[in-house]
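Trainee: Residues per chain, in single letters:
Number of protein chains: 2
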Amino acid sequence: MKTEIINIGNELLIGQVVNTNAAWMAEQLNLAGFTVGRVTAIPDSHDEILAALGEAGDRAAVVIVTGGLGPTKDDITKKALCDFFDARLVFSDEAYVNIVRLFGSRGYPMTESNRQQAFIPDNCVAIPNVNGTAPGMWFQPQPAVGSPKSATANPKSQIPNPKYATFVALPGVPFEMKAMMSDHVIPMLRERFRTGVIIHKTVMTQGVGESFLSDILEPWETKLPKNITLAYLPQPGIVRLRLTGTGPDELTVRALIAEEVRKMEALIPQYIYGYDEETLEEIIGKLLLEKKATLATAESCTGGYIAHLVTSVPGSSGYFRGSVVAYSNDIKEHTLGVLPESLSKYGAVSETVVAEMAIGAQTRLEADYVIAVSGIAGPEGGTAEKPVGTTWIAIATPDSVVTRHVLLGDHRERNIRRAALQALNMLRKELV
Amino acid sequence: MKTEIINIGNELLIGQVVNTNAAWMAEQLNLAGFTVGRVTAIPDSHDEILAALGEAGDRAAVVIVTGGLGPTKDDITKKALCDFFDARLVFSDEAYVNIVRLFGSRGYPMTESNRQQAFIPDNCVAIPNVNGTAPGMWFQPQPAVGSPKSATANPKSQIPNPKYATFVALPGVPFEMKAMMSDHVIPMLRERFRTGVIIHKTVMTQGVGESFLSDILEPWETKLPKNITLAYLPQPGIVRLRLTGTGPDELTVRALIAEEVRKMEALIPQYIYGYDEETLEEIIGKLLLEKKATLATAESCTGGYIAHLVTSVPGSSGYFRGSVVAYSNDIKEHTLGVLPESLSKYGAVSETVVAEMAIGAQTRLEADYVIAVSGIAGPEGGTAEKPVGTTWIAIATPDSVVTRHVLLGDHRERNIRRAALQALNMLRKELV
Numbered sequence: 005m006k007t008e009i010i011n012i013g014n015e016l017l018i019g020q021v022v023n024t025n026a027a028w029m030a031e032q033l034n035l036a037g038f039t040v041g042r043v044t045a046i047p048d049s050h051d052e053i054l055a056a057l058g059e060a061g062d063r064a065a066v067v068i069v070t071g072g073l074g075p076t077k078d079d080i081t082k083k084a085l086c087d088f089f090d091a092r093l094v095f096s097d098e099a100y101v102n103i104v105r106l107f108g109s110r111g112y113p114m115t116e117s118n119r120q121q122a123f124i125p126d127n128c129v130a131i132p133n134v135n136g137t138a139p140g141m142w143f144q145p146q147p148a149v150g151s152p153k154s155a156t157a158n159p160k161s162q163i164p165n166p167k168y169a170t171f172v173a174l175p176g177v178p179f180e181m182k183a184m185m186s187d188h189v190i191p192m193l194r195e196r197f198r199t200g201v202i203i204h205k206t207v208m209t210q211g212v213g214e215s216f217l218s219d220i221l222e223p224w225e226t227k228l229p230k231n232i233t234l235a236y237l238p239q240p241g242i243v244r245l246r247l248t249g250t251g252p253d254e255l256t257v258r259a260l261i262a263e264e265v266r267k268m269e270a271l272i273p274q275y276i277y278g279y280d281e282e283t284l285e286e287i288i289g290k291l292l293l294e295k296k297a298t299l300a301t302a303e304s305c306t307g308g309y310i311a312h313l314v315t316s317v318p319g320s321s322g323y324f325r326g327s328v329v330a331y332s333n334d335i336k337e338h339t340l341g342v343l344p345e346s347l348s349k350y351g352a353v354s355e356t357v358v359a360e361m362a363i364g365a366q367t368r369l370e371a372d373y374v375i376a377v378s379g380i381a382g383p384e385g386g387t388a389e390k391p392v393g394t395t396w397i398a399i400a401t402p403d404s405v406v407t408r409h410v411l412l413g414d415h416r417e418r419n420i421r422r423a424a425l426q427a428l429n430m431l432r433k434e435l436v
Numbered sequence: 005m006k007t008e009i010i011n012i013g014n015e016l017l018i019g020q021v022v023n024t025n026a027a028w029m030a031e032q033l034n035l036a037g038f039t040v041g042r043v044t045a046i047p048d049s050h051d052e053i054l055a056a057l058g059e060a061g062d063r064a065a066v067v068i069v070t071g072g073l074g075p076t077k078d079d080i081t082k083k084a085l086c087d088f089f090d091a092r093l094v095f096s097d098e099a100y101v102n103i104v105r106l107f108g109s110r111g112y113p114m115t116e117s118n119r120q121q122a123f124i125p126d127n128c129v130a131i132p133n134v135n136g137t138a139p140g141m142w143f144q145p146q147p148a149v150g151s152p153k154s155a156t157a158n159p160k161s162q163i164p165n166p167k168y169a170t171f172v173a174l175p176g177v178p179f180e181m182k183a184m185m186s187d188h189v190i191p192m193l194r195e196r197f198r199t200g201v202i203i204h205k206t207v208m209t210q211g212v213g214e215s216f217l218s219d220i221l222e223p224w225e226t227k228l229p230k231n232i233t234l235a236y237l238p239q240p241g242i243v244r245l246r247l248t249g250t251g252p253d254e255l256t257v258r259a260l261i262a263e264e265v266r267k268m269e270a271l272i273p274q275y276i277y278g279y280d281e282e283t284l285e286e287i288i289g290k291l292l293l294e295k296k297a298t299l300a301t302a303e304s305c306t307g308g309y310i311a312h313l314v315t316s317v318p319g320s321s322g323y324f325r326g327s328v329v330a331y332s333n334d335i336k337e338h339t340l341g342v343l344p345e346s347l348s349k350y351g352a353v354s355e356t357v358v359a360e361m362a363i364g365a366q367t368r369l370e371a372d373y374v375i376a377v378s379g380i381a382g383p384e385g386g387t388a389e390k391p392v393g394t395t396w397i398a399i400a401t402p403d404s405v406v407t408r409h410v411l412l413g414d415h416r417e418r419n420i421r422r423a424a425l426q427a428l429n430m431l432r433k434e435l436v
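Respectively, the protein sequence lines represent chains W and D. Be aware that the first sequence starts at 5, since it is given in the working numbering, and climbs by one per residue. Be aware that the second sequence starts at 5, since it is given in the working numbering, and climbs by one per residue.
I should point out that these hints are in silico values taken from the structure, not numbers from a laboratory. Don't take each hint at face value.
Copies of one chain are not kept apart here, so a pair can be met inside one copy or by any two copies together.
The calculated DSSO-like cross-link candidates involving lysine-lysine, where the alpha carbons are at most 27 Å apart (straight line), are [what the hints assert, rightly or not]:
id	residue 1	residue 2
1	295	167
2	296	267
3	205	167
4	182	205
5	6	77
6	227	77
7	230	77
Predicted model only: the values in this text are computed from it and were never measured.
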């Protein structure tokens, strides 16, 4: 079932805002079994909106439009939709009640321009917006000419959408749009167009490239049942593997996917850290809480980034003790207790020093587990023996210290991120 | 001068990749005085590419296309361009030399599919790609029918682009595309279409909202000369104010902009921290290097994020000593020397404790300047007296300790970012 997305807003055409709405919507539509044929970004211009609506409606069965529904003068999408459908604006009690509720909860006075937002074209159904004042709109296409329903329609009832496509208009504010897509639009589309069940399972991997994974998984992938597909979704330092299954019966599809996930797990057990978009820092947080254990970090090249990831999780104060970012060698000595001989003999980027950092932090920050990292993030600081990207990681546990050497690339930002993810995954392995 | 952008790639239609190329290109085109009328994302489909090229070429004077120029089978943009222009592929020595050079520098063996990338349509000019193997392509439109040049053209020479628009094709890899846009496409477009000078100056502000700035600046803004415009470009914690001036003469426009920047500076001196996309952490780095001074951080609610920002700047090891992330109170005591009485009497989120954190880090991490932050990032931990968002910041300098109380919002991630930016800006004020 082919859909198109139209994002309306001058800010998208001057590069002020990256069109993250389109990517999120496309992913959600794909997850629900709808293909997105085209994404079009246009300015807040009456003529451009009419042209884009007409073109998309000729190509696709469903057209989803975002933006231009706010209360200010440059928000003209509703007027353009009226002109496109030859409809007129009518007051929606339902939308008005929602606006009054929102203003009541915020304690602001409501203005006339906000009241105007309760008007919607008379040929659409309002889609509730619990997070904002602009209602969404669902324009159902007109039944085929000559159908009994069309002939007997009450002339006072809604004007049907005279086009062949279903049009949906949503606000451009991401958190409003997302809730409306998830709670209403996707269920309504699946209701109207559904052909079967679609189930997804995402396997999260770390520390391995897409092409390497693909070499290992290829023999299994080619034998996948026809109703199961695999997508590689790489992010910096992480590759997500998404299995999508379709079929008439939910239990059968779920069982099939579970079986294929088990086969995949058997091929790459060492790279899998979680499922369904969980982050390493969230997984570690849960494991530490379960164990009633605490964590600290001792960071050199990652410069506090691991501590930042750990503390980005709400409730991390329940297990995170703190961190020493030891960018200079004498802080490694004085604050973490690294031996001066180790620094002079092996250098700051060495197994000995990173292990001493971990043990020092464990004692001094009184933590059960410690992540320690020392490396050369670049662009400067590399040598022939220790090029940029050389990194040592140590994990101190209540019983032992595990160390690992990794050679990353020559891009500072990516090196910091990859070293942090690698270190978090090493800790996870010690916790499970 | 109206342009359109077409981004080709299945990954854009399934939501796997956010279309950041479009936003960057739109911004660069706008900065160079070109309007972007539409951005279209389409899949790697021959028919879709031909349709989108034709439609965009009918609407715009310039059409810039990205994506689908790689060496693999799903990269079909070059074939589609040939069909669109009725051109054929010819071997480009220039493109081939570049491919050979790249493989030589990387030490990989070159494959036949990489050699194939040196073929380009015979009606275009190759645009050099120093960062990758796919050359860009510039398709100049055909001279008007009946013009002497067209009549006398050597039939063996390049087939001109038979359309009225200029078409440009670039690879979709962001860092390849960006270098080609900046080094070749924008200068070539300005050469071909330039109507005058366009000058920009961006003023960076921190710690103040867009609407508040706009209230202060409105009287000045309404009196701006007609050839100078102001754009508000908000980011989390930061508002960029971009002045754009146009005119026939560069010196005059530059002088006019400089004068208006001076007037703006006089209205909001306390909020301006820099110019032209500089970050606070870059500015602080330069100031510390100039002063030959060192920096450390003592962080509670920001959890290492300030240290991460500071160390994301290449060369920060020249002035950054390190950090203590004291998430728990006893680390504040033992590692930073905060007095137990201060913690019990005033609480961890207090002026006294944050000042003691700053002084403790100054002594123990041996730094000239220290940023210390203690606050309640949320979502838990707030009280009636100290709600979520309550934050204390201290800056220790060689002579003094400056403290400040800020009340942020209820969103953890944004609170961490806003507290960090506010603290960096406080340090900057002590350094200038």
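Trainee: Next step is simple, just say for each hint if it's right about the structure.
Mentor: Consistency of the hints with the structure:
1. Taking CA atoms no more than 27 Å apart as the test, residue 295 paired with residue 167 passes in neither setting, with 59 Å inside one copy and 68 Å between copies.
2. Neither within a single protomer nor between protomers do residue 296 and residue 267 lie at most 27 Å apart by alpha-carbon distance, with minima of 33 Å and 59 Å respectively.
3. When the C-alpha separation of residue 205 and residue 167 is checked against a cutoff of 27 Å, the pair qualifies neither within a copy, at 37 Å, nor between copies, at 47 Å.
4. In this assembly of identical chains, the alpha carbons of residue 182 and residue 205 lie at most 27 Å apart only when taken from the same copy (21 Å versus 35 Å across copies).
5. Within a single copy, residue 6 and residue 77 get their C-alpha atoms only as close as 33 Å, which misses the 27 Å cut-off; across copies the closest is 24 Å, which meets it.
6. Proximity of residue 227 and residue 77 under a CA criterion of 27 Å is satisfied inter-copy only: 22 Å between copies versus 57 Å inside one chain copy.
7. For a Cα distance limit of 27 Å, the shortest separation of residue 230 from residue 77 across copies, 22 Å, qualifies, whereas the shortest one inside one copy, 51 Å, does not.
In this structure, the earlier hints numbered 1, 2, 3 are contradicted, and the remaining ones agree with it.
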